[in-house]
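Asks: Based on the hints, put chain B in the right spot on chain A.
Number of protein chains: 2
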Amino acid sequence: MSATIHRLAPAGRAPSLEPMMALVAGDLNQVNSVILARMQSDIPLIPELAGHLIAGGGKRMRPMLTLACARLLDYAGTRQHKLAACVEFIHTATLLHDDVVDGSDLRRGRRTANMIWGNPASVLVGDFLFSRSFELMVEDGSLKVLRILSNASAVIAEGEVNQLTAQRQVETGEDRYLEIIGAKTAALFAAACRIAAVVGERSEAEELALDAYGRNLGIAFQLVDDAIDYSSDEETMGKGVGDDFRDGKVTLPVILAHARGSDEDRKFWRDAMHGHRISDADLAHATALLNSTGAIADTLQRARHYGQRAIDALGLFPASQAKAALVEAVEFAIARAY
Amino acid sequence: MSATIHRLAPAGRAPSLEPMMALVAGDLNQVNSVILARMQSDIPLIPELAGHLIAGGGKRMRPMLTLACARLLDYAGTRQHKLAACVEFIHTATLLHDDVVDGSDLRRGRRTANMIWGNPASVLVGDFLFSRSFELMVEDGSLKVLRILSNASAVIAEGEVNQLTAQRQVETGEDRYLEIIGAKTAALFAAACRIAAVVGERSEAEELALDAYGRNLGIAFQLVDDAIDYSSDEETMGKGVGDDFRDGKVTLPVILAHARGSDEDRKFWRDAMHGHRISDADLAHATALLNSTGAIADTLQRARHYGQRAIDALGLFPASQAKAALVEAVEFAIARAY
Numbered sequence: 029m030s031a032t033i034h035r036l037a038p039a040g041r042a043p044s045l046e047p048m049m050a051l052v053a054g055d056l057n058q059v060n061s062v063i064l065a066r067m068q069s070d071i072p073l074i075p076e077l078a079g080h081l082i083a084g085g086g087k088r089m090r091p092m093l094t095l096a097c098a099r100l101l102d103y104a105g106t107r108q109h110k111l112a113a114c115v116e117f118i119h120t121a122t123l124l125h126d127d128v129v130d131g132s133d134l135r136r137g138r139r140t141a142n143m144i145w146g147n148p149a150s151v152l153v154g155d156f157l158f159s160r161s162f163e164l165m166v167e168d169g170s171l172k173v174l175r176i177l178s179n180a181s182a183v184i185a186e187g188e189v190n191q192l193t194a195q196r197q198v199e200t201g202e203d204r205y206l207e208i209i210g211a212k213t214a215a216l217f218a219a220a221c222r223i224a225a226v227v228g229e230r231s232e233a234e235e236l237a238l239d240a241y242g243r244n245l246g247i248a249f250q251l252v253d254d255a256i257d258y259s260s261d262e263e264t265m266g267k268g269v270g271d272d273f274r275d276g277k278v279t280l281p282v283i284l285a286h287a288r289g290s291d292e293d294r295k296f297w298r299d300a301m302h303g304h305r306i307s308d309a310d311l312a313h314a315t316a317l318l319n320s321t322g323a324i325a326d327t328l329q330r331a332r333h334y335g336q337r338a339i340d341a342l343g344l345f346p347a348s349q350a351k352a353a354l355v356e357a358v359e360f361a362i363a364r365a366y
Numbered sequence: 029m030s031a032t033i034h035r036l037a038p039a040g041r042a043p044s045l046e047p048m049m050a051l052v053a054g055d056l057n058q059v060n061s062v063i064l065a066r067m068q069s070d071i072p073l074i075p076e077l078a079g080h081l082i083a084g085g086g087k088r089m090r091p092m093l094t095l096a097c098a099r100l101l102d103y104a105g106t107r108q109h110k111l112a113a114c115v116e117f118i119h120t121a122t123l124l125h126d127d128v129v130d131g132s133d134l135r136r137g138r139r140t141a142n143m144i145w146g147n148p149a150s151v152l153v154g155d156f157l158f159s160r161s162f163e164l165m166v167e168d169g170s171l172k173v174l175r176i177l178s179n180a181s182a183v184i185a186e187g188e189v190n191q192l193t194a195q196r197q198v199e200t201g202e203d204r205y206l207e208i209i210g211a212k213t214a215a216l217f218a219a220a221c222r223i224a225a226v227v228g229e230r231s232e233a234e235e236l237a238l239d240a241y242g243r244n245l246g247i248a249f250q251l252v253d254d255a256i257d258y259s260s261d262e263e264t265m266g267k268g269v270g271d272d273f274r275d276g277k278v279t280l281p282v283i284l285a286h287a288r289g290s291d292e293d294r295k296f297w298r299d300a301m302h303g304h305r306i307s308d309a310d311l312a313h314a315t316a317l318l319n320s321t322g323a324i325a326d327t328l329q330r331a332r333h334y335g336q337r338a339i340d341a342l343g344l345f346p347a348s349q350a351k352a353a354l355v356e357a358v359e360f361a362i363a364r365a366y
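Chains as they are written, first to last, in our numbering: chain A, 29 to 366; chain B, 29 to 366.
If you're looking for bench data, these hints aren't it; they were derived computationally from the structure. We put the beta carbon where it would ideally sit given N, CA and C, even for glycine. Check each hint, because a few of them may be wrong.
[To be verified] Beta-carbon label-pair distances, calculated as ranges:
#, chain 1, residue 1, chain 2, residue 2, range
1, A, ALA287, B, GLN197, 54 to 64 Å
2, A, GLU229, B, ALA104, 32 to 42 Å
3, A, ARG138, B, ILE144, 31 to 41 Å
4, A, ALA83, B, THR193, 17 to 27 Å
5, B, ASP275, A, PRO72, 17 to 27 Å
Extracted from the complex, chain A is given alone in its bound form (with noise of 0.2 Å):
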């Protein structure tokens, strides 16, 4: 399956998201005019604080789905820049309630807002954005894509809950795992392409396939991060490796390696997920246990699984520019962690 996906990969250079970003940059500031204008208030902290995560480095993945989806289906319009907005706000409320619930200190590099403001601040400019986001969708005015981003947003926030009530239980299955990234992660990637086929005014089978390309595209993306967060270095995720690992998230690779195990091992991964091994020895001897067991190998190996089903779920479209930017899309997430 992984030579598949790399088959797919343009010879000669590396996967990115250039091809995504340069068939939407004219798009993409459209919607960068939107996020702007819609989070300001006479309340001078809201444009602050939004600011601060919006305008912080964040790729605007999600609402860049949107457009390139809006292009595969060669619409003509413009309500997508609109909506694309209110995809990037719900994302936004989301990461500032996040980090309030984890009391994360860092993202992307910087400082969080609820380190800078304060837990209360964030949790109330969340709920201004997402309360905008709304406001955006109902003067778009189409209720079928309010039903699809009322009903994803419900269930990322039932992702989130059961991601707490699951937090450092490394007995956590891999199916509730899945079901959980399934909710916080991939319900929003789907929500995103599929509202495209919405003001597109496209087949139910287009609309089912796009939701489908989004779904597995931020699976993918998400087993990714957490292979990453045991490899990588601060510069390249704005996070210092093993930050899951000392926060006791449990990711698939722990549960993999923690279901692997000998009764050792198991009793280091229940003591560490307690927050009870929290040195960079402890860290070297989990990295190694994810090793020795192919945890990190079969990590990647499932996300490439939902990578490829994204771009399976793209067979209905002719080739075009559009499709060949949304493969390499699934193709950079994958890549990102060699």
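Replies: Frame of chain A; chain B shown alone:
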């Protein structure tokens, strides 16, 4: 103005919510069924935590207003049930986040959800209820209702941030204070009433009249709450006397007493709002200042002003049992202070 309101009160008994509760009892059962059904989730923590607050002795004031306004308009359908549940979900989500922001440990005489399940769970279940409320609105399918409620949600969040940035600032003017409670409290009262006119397919004038009724009632309610905080007992309010004082909450009584006080008094209020005056003797001194400056009496006078405006906003509707119940709800809001 006080006299005007009291003339309207039914002779021989204290104004109460009983007539409104009797009027909408059947509808409220339907709303409670919707609430119960729609707060369910496969993640047990969600109904557990949400149920603690939703079943925890709230008056269901906002959904009752939606139902009573629908009765006022002789609306014969059932759309108000789902929408009243929406309104209660938005309110509950706000309370969950408020208690996190304020670090509250008691609400309606019971331990707060954040004290029992922690801040992360309260933030995330609040997000879930908020998303769920949007799903319910989308199911109703009226873009006009969606516009009213999504706007109210954004205004509430903006008001909460405004309040946060005004925290402990005793120089907050009455105008800014009214702006804050207009947003964080009255906007949802207004929307709860207004949407009844939309489902009842009434004129713009009737829609605006119900909006004005709810908005003014909401302000009156909040002002009376602020006054009661310095005079009631714990049983009445479900929180202790002087909680706002000890939390450094700058409410209208404090704003008036500060503005009317001597330099020495102002220093006292400044220190108090910054948390340096939290003894019982300090509270007694505060209460003495509030009384000697007439700050409590005038806060209640302001409440009567808004109460009267609420009642007058109903002027264009013919006399009916529903109208009498809505008028008495205003009188009840005011009479709680005596």
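Asks: Run every hint past the structure and note whether it holds.
Replies: Okay, the hints, checked on the actual structure:
1. ALA287/A / GLN197/B: 54 to 64 Å: Between ALA287/A and GLN197/B, where Cβ atoms are some 55 Å apart, the hint holds.
2. GLU229/A / ALA104/B: 32 to 42 Å: For ALA104/B against GLU229/A, whose Cβ atoms are near 36 Å apart, the range 32 to 42 Å holds.
3. ARG138/A / ILE144/B: 31 to 41 Å: Roughly 34 Å apart at Cβ, these two residues keep to the hinted range, so it holds.
4. ALA83/A / THR193/B: 17 to 27 Å: The hinted range 17 to 27 Å holds for ALA83/A and THR193/B, with Cβ atoms some 21 Å apart.
5. ASP275/B / PRO72/A: 17 to 27 Å: Distance hint for ASP275/B, PRO72/A holds at roughly 24 Å.
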